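Please model the complete structure; the sequences and the hints are all you need to start from.
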Amino acid sequence: MSKLRLATVWLDGCSGCHMSFLDLDERLLAVAEKADLVYSPLVDQKEFPAGVDIALVEGAVSSEDDLHKIQVVRARTRILVSLGDCAVTANVPSMRNKFPLQMSLDRAYKENVTLDPGTPTQGVPALLEKVRPIHEVVPVDVFIPGCPPSADTIFYAVSELLEGRSPDLSPRTRFGA
Amino acid sequence: MPDEPTTRKTILIDPVTRIEGHAKITLHLDAHGRVADAQLHVTQFRGFEKFCEGRPFTEMPSLMARICGICPVSHLIASAKACDALMAVRIPRAAEKLRRIFGLAQVLQSHALSFFHLSSPDFILGFDSDPARRHIFGVAAESPEIARNGIRLRQFGQQIIERLGGKRIHPAWVVPGGVSEPLSVANRDAILVALPEMLTIAQLTLEWFKGVTENFREEITSFGNFPTLFLGIVKDDGGLTFYDGKIRIVDAGGYVVATGLDPATYNDFLGEKVEPFTYLKSTYYKPKGYPEGIYRVGPLARLNIADRFGTRRADQEMAEFHEIQRTAVLSSFHYHHARLIEILYCVERMQQLLDDPEILSKHVRAIARPNSEEGVGVAEAPRGTLIHHYKIDDHGSMRWANMIIATGHNGLAMNRSILQVARHFVHAERLEEGMLNRVEAVIRAYDPCLSCSTHADGRLALAIQLVAPDGAVIDELRRK
Ligand code: SF4
Chain D
39 MSKLRLATVW LDGCSGCHMS FLDLDERLLA VAEKADLVYS PLVDQKEFPA
89 GVDIALVEGA VSSEDDLHKI QVVRARTRIL VSLGDCAVTA NVPSMRNKFP
139 LQMSLDRAYK ENVTLDPGTP TQGVPALLEK VRPIHEVVPV DVFIPGCPPS
189 ADTIFYAVSE LLEGRSPDLS PRTRFGA
Chain L
152 MPDEPTTRKT ILIDPVTRIE GHAKITLHLD AHGRVADAQL HVTQFRGFEK
202 FCEGRPFTEM PSLMARICGI CPVSHLIASA KACDALMAVR IPRAAEKLRR
252 IFGLAQVLQS HALSFFHLSS PDFILGFDSD PARRHIFGVA AESPEIARNG
302 IRLRQFGQQI IERLGGKRIH PAWVVPGGVS EPLSVANRDA ILVALPEMLT
352 IAQLTLEWFK GVTENFREEI TSFGNFPTLF LGIVKDDGGL TFYDGKIRIV
402 DAGGYVVATG LDPATYNDFL GEKVEPFTYL KSTYYKPKGY PEGIYRVGPL
452 ARLNIADRFG TRRADQEMAE FHEIQRTAVL SSFHYHHARL IEILYCVERM
502 QQLLDDPEIL SKHVRAIARP NSEEGVGVAE APRGTLIHHY KIDDHGSMRW
552 ANMIIATGHN GLAMNRSILQ VARHFVHAER LEEGMLNRVE AVIRAYDPCL
602 SCSTHADGRL ALAIQLVAPD GAVIDELRRK
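Protein sequence lines correspond, in order, to chains D and L.
Every position in the first sequence, counted from 1, becomes a number in my numbering once 38 is added.
Every position in the second sequence, counted from 1, becomes a number in my numbering once 151 is added.
These are calculated hints, taken from the structure and not from any lab test.
Be aware that a few hints might be false.
Claimed, not checked - Per the computed footprint, the stretches of chain L lying under chain D, defined by three or more beta-carbons under 8 angstroms from a beta-carbon of chain D, are:
id, segment
1, 220 to 230
2, 364 to 372
To be verified - Calculated lysine-lysine pairs in the DSBU-like style (CA-CA distance at most 35 angstroms, straight line):
id, chain 1, residue 1, chain 2, residue 2
3, L, K318, L, K386
4, L, K439, L, K542
5, L, K318, D, K136
6, D, K41, L, K318
7, D, K168, D, K148
8, L, K397, L, K439
9, L, K361, L, K397
10, D, K148, L, K361
11, L, K542, L, K437
12, L, K318, L, K437
13, L, K437, L, K386
14, D, K136, D, K148
15, L, K542, L, K318
16, L, K424, L, K439
17, D, K168, D, K136
18, L, K386, L, K361
19, L, K386, L, K439
20, L, K513, D, K148
21, D, K41, D, K72
22, D, K168, L, K397
23, L, K424, L, K397
24, L, K318, D, K72
25, L, K424, L, K437
26, L, K513, L, K361
27, D, K148, L, K397
28, L, K424, L, K386
29, L, K397, L, K386
30, L, K424, L, K542
31, L, K437, D, K148
32, L, K397, L, K437
33, L, K397, L, K513
34, L, K386, D, K168
35, L, K386, L, K513
36, L, K542, D, K136
37, D, K168, L, K513
38, L, K318, L, K439
39, L, K513, L, K542
40, D, K136, L, K424
Keep in mind it's a predicted model, so treat the numbers as computed, not measured.
Note that the Cβ used here is the ideal one computed from N, Cα and C, for glycine as well.
Structure representation (structure tokens):
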């Protein structure tokens, strides 16, 4: 049987969910025996490939690029997993939603600045006025709450998915876990 | 592809991979196909400085930790120290020592991640090796021992964080006034028992790396090898510290430019500049102005500014490190070497702190109301000096915040480094993947924490565009 194709993706998160994935430690090598990591910040693949079986997505949708990227991921992935509270609820990134975007930008790029105040615009993605969780943008197949979900939770979920079963996460994790 | 003088080409590396966070790089070529300019775009913007407003200051350590899942402990510590200042308290001695151990555990795990998981594929498999295999799993296939050691070291750091703080990522244990729980005897002993194994791994890795450094002469001469200032905090006696100290700045010759600067007055001597092409603000040393006030922070800077580590093995290694260059050690390639010495130091220093009986004291938290309307907290994060600066109202609600993160200090130097390495290695007529991997690798040497956002959108893999002066794309070459 050929190996399954696994991907991990960062949108607007703190990377803590990816760190929790790395906290699989030696179990990472066990996962690598069952699945190829075909796209991830940990590997040098530049473009999200076609035919991905499982994609673990960390973070909320905050910028034009997040928006485009999650659509590409959805189109090329069989099972899309919202990994962690930012993906599931928009969590911390969405805390800026209660202020107009320009006010947040002004604090960083006008008020707290010594030289050349002004919002960067060249070669950086435009930000969305409101940050949104993934399932508001594309359909999501599996939700794993937690900030971050523990390595044990991630290992359980990924193992079940690799075996073709759907994980039962409610006894294992919760929001803010 | 025809090369007309009226056109200029751009090479886009998107995304930069095997770094902590999201970035892309644009290389601008001149009419002869030589690299004329380079820009590192960081696409992170999250708004913490604004959205913390109106929230109780006591919430800040746990909230601000969510800036970064790789160095949440540094944000916890810098934030809690800013809160200590808001309450105007001196925290119990045991609490300070526990915070120190916590910080060292994180430096250890973060350095292990940077060296083994992200950068070692370039050293072990080669900068020009097959990109499809050039990752930690490729390392595991080629040199299983090195991969296992890296995983083990990182795991050890994370386990200490879990033993002290209750969980590995985003523990809530560091609080304004100290820490929330004392250390148990069982947990202390469990950490102590593992230290000798970690010391062995740290030393073996360092010996191995020093042995292969010879193979990377060309990278050493071109990976950000230029004079800058170096900045970090040191103890009163000039020794290295991650937790508390005064800011010292040395120049490229290794001479002290300024020392004993109070981090709370950072605004007097550090400027923040907006670059239009990145969400990362670049800092500079005000007395020298911009861009002459360029400086570097992090492991390389710490070894250049501090007089000593204060532990036996790390001090021996530091003496050897300074034999590389009589002035300050200037090539950013040596960040890796400095990082490995710091791992060794973390293990040695933890032993000292855990051997001290006071570490088990039950007095670990000072309780107070807010007593000052402004507070600054500083710490040395794995990748450099981290500053949190808060203002609150009479009720303890946040009014304003400013943070300077380590990666911002290195912003100017990273941009100059990618230009240097690209000029050295990139030839537009016969573009090879390995050339561009080296441009990314110099960024890896700085171990930037750009986490939190993305630009990568799956549309562009690696593209060379022929752009007319008006910006229109005339021709495009894509590589997958
Ligand atoms: S859920 Fe928590 S750990 Fe995961 S990205 Fe968001 S803030 Fe970070």
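Results for each hint:
1. 220 to 230: Answer holds; 3 residues pass the 8 angstroms Cβ test.
2. 364 to 372: violated (count 0)
3. L:K318 to L:K386: Roughly 30 angstroms between the alpha carbons, so the hint for K318 (chain L) and K386 (chain L) holds.
4. L:K439 to L:K542: holds, 29 angstroms
5. L:K318 to D:K136: Holds, at about 30 angstroms.
6. D:K41 to L:K318: holds, 32 angstroms
7. D:K168 to D:K148: Roughly 21 angstroms separates the two Cα atoms, so the pair holds.
8. L:K397 to L:K439: holds, 20 angstroms
9. L:K361 to L:K397: Answer holds: K361 (chain L) to K397 (chain L) is near 31 angstroms, not above 35 angstroms.
10. D:K148 to L:K361: violated, 45 angstroms
11. L:K542 to L:K437: holds, 23 angstroms
12. L:K318 to L:K437: violated, 40 angstroms
13. L:K437 to L:K386: holds, 23 angstroms
14. D:K136 to D:K148: holds, 19 angstroms
15. L:K542 to L:K318: holds, 30 angstroms
16. L:K424 to L:K439: holds, 14 angstroms
17. D:K168 to D:K136: Holds, at roughly 9 angstroms.
18. L:K386 to L:K361: holds, 28 angstroms
19. L:K386 to L:K439: Holds, at about 25 angstroms.
20. L:K513 to D:K148: violated, 46 angstroms
21. D:K41 to D:K72: holds, 6 angstroms
22. D:K168 to L:K397: Not OK: K168 (chain D) and K397 (chain L) at ~40 angstroms, beyond 35 angstroms, violated.
23. L:K424 to L:K397: Holds. K424 (chain L) to K397 (chain L) sits at ~23 angstroms (cutoff 35 angstroms).
24. L:K318 to D:K72: Satisfied, since the Cα-Cα distance of roughly 28 angstroms is no more than 35 angstroms.
25. L:K424 to L:K437: At roughly 11 angstroms apart (the allowed maximum being 35 angstroms), K437 (chain L) and K424 (chain L) satisfy the hint.
26. L:K513 to L:K361: violated, 43 angstroms
27. D:K148 to L:K397: Answer holds: K148 (chain D) to K397 (chain L) is near 28 angstroms, not above 35 angstroms.
28. L:K424 to L:K386: holds, 29 angstroms
29. L:K397 to L:K386: holds, 7 angstroms
30. L:K424 to L:K542: This hinted pair holds, its Cα atoms lying about 22 angstroms apart.
31. L:K437 to D:K148: Holds, because 18 angstroms separates the two Cα atoms, which is no more than 35 angstroms.
32. L:K397 to L:K437: Between K397 (chain L) and K437 (chain L) the Cα gap is close to 17 angstroms, so the pair holds against 35 angstroms.
33. L:K397 to L:K513: It holds: about 29 angstroms lies between the C-alpha atoms, which stays within 35 angstroms.
34. L:K386 to D:K168: violated, 44 angstroms
35. L:K386 to L:K513: holds, 26 angstroms
36. L:K542 to D:K136: holds, 20 angstroms
37. D:K168 to L:K513: violated, 45 angstroms
38. L:K318 to L:K439: violated, 44 angstroms
39. L:K513 to L:K542: holds, 31 angstroms
40. D:K136 to L:K424: holds, 27 angstroms
Hints 2, 10, 12, 20, 22, 26, 34, 37 and 38 from the list above are not met by this structure, while the remaining hints are.
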